[in-house]
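> This is what each chain is made of:
Protein chains: 2
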Amino acid sequence: MPDKTPRNCDALAKVPEATILRLPVYLNRLKALRARGVVQISSRELAEPMNIKAGQMRHDFHYFGNFSRPGRPYEVEVLIKRLSEIMCLGNSTPYVIAGAGLLGQAIANYSRFEDDGFNLRGIFDINPRILGMTVHDLPIRHMEEMPAFLSSEGIHIGAIAVPPSAAQDICDQMVAGGVRGIWNFALVDLSAPEGVVVQDEFLSVGLMALNYKVKAGMRE
Amino acid sequence: MPDKTPRNCDALAKVPEATILRLPVYLNRLKALRARGVVQISSRELAEPMNIKAGQMRHDFHYFGNFSRPGRPYEVEVLIKRLSEIMCLGNSTPYVIAGAGLLGQAIANYSRFEDDGFNLRGIFDINPRILGMTVHDLPIRHMEEMPAFLSSEGIHIGAIAVPPSAAQDICDQMVAGGVRGIWNFALVDLSAPEGVVVQDEFLSVGLMALNYKVKAGMRE
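Chains as they are written, first to last, in this note's numbering: chain A, 4 to 223; chain B, 4 to 223.
Treat the hints loosely; a few may be bogus.
No distinction is drawn between identical chains; accordingly, a pair holds when it is met within one copy or between any pair of copies.
As the list claims (entries may be wrong) - Derived DSBU-like pairs (lysine-lysine); straight-line CA-CA distance at most 30 Å:
no.	residue 1	residue 2
1	84	34
2	17	84
3	56	17
4	17	34
Think of the hints as simulated: they come from the structure by calculation, not from any bench.
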């Protein structure tokens, strides 16, 4: 009997948003464990320091096939590989950043993205004082060049780190260039055509969650 | 009969991590709706654009009391106020940032935190070339001043945006200064004493989630 369980990101299964957001958290945790030399780990030891129930984690994994064996610990390396496949992180995924202000530059220099399989290919701005300056070994290019750059390089992911008033225009330009996924730091609602994913990023979520835990006297 | 339902962040109820992380998302969404002039909204209209089920959202709210009325829409303004109370965002909460590199400065200038009730009070570094420079109207102070500054100002929240190798030392200094909550951007595991909350921030979660959705052909 053929196995119809979805096995990777090509799967058409509708996976809940919460699961999609937890998979990277699991992967980050596993990489931290690997860095400490941990080779095997039980689902409980893996899940609980993240304040996630082991059953919830196994349930998340289950969307992608049954890759735990009852009573056996996970192999850290195997699970990293498996989650990376599920999330399609195996090949280096190119992306660009629109906006080379502090936030855009901080994103460009954030070391983790390369470890996680992303490859920054371009950074764009309109400020003539910074055009041509180098960020993360890339020249800051003029925003006008962005759509053609995106098409010719076949890039499907773009981060928007421009002021709110400029964000929709940049979004439209990215879409014109063939972007299918927009990582929106601009704190404004963006309209994108059907088939283009907009992922809003609010840094304040982490700070608010921390504040809540501190004030509620919770202990992680 | 007294109402024993926990009503705000002083509640001792153990609220799941996932709920704590969704509350700020709801609040952000509601503020965006308010900015567009929306006054009332059904739970479904509120939840679905976030890719969250209305039942899940109501369940999250339920940890803090029963503040929906069957068949009646939410009042946007009332719900913002209620969620802000639950998350203890009513009074301006002071915090500091350790590390005034690109990421530290980007955090300092992130406009949203003030809207959400946080007040940056200090930013610290060790790089002599930037000490005394102004970020978000604050002078960059030497890291050595941080513990005394934290105690004298009564600050309980600190963000760590320093290189991984320095992060544990900074964490210890924050704890010595009375910090109860550490927002950790340093991509390294931190040890903190019982009673101190460490919230690890991985920007890559958003990028990985976006990548997954694009490649899985999902549409938000």
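> Taking 30 Å as the upper bound on the Cα-Cα distance, should residue 84 and residue 34 be classified as within, between, both, or neither?
within (10 Å within a copy, 39 Å between copies)
> What label fits residue 17 with residue 34 when the C-alpha limit is 30 Å: within, between, both, or neither?
both (26 Å within a copy, 28 Å between copies)
> At most 30 Å between C-alpha atoms: does residue 56 with residue 17 qualify within a copy, between copies, both, or neither?
both (22 Å within a copy, 13 Å between copies)
> Is it within, between, both, or neither for residue 17 and residue 84, if the alpha carbons may be no more than 30 Å apart?
Classified as within: same-chain Cα gap 22 Å, cross-chain 34 Å, threshold 30 Å.
Going through the hint list in order, the structure satisfies each hint without exception.
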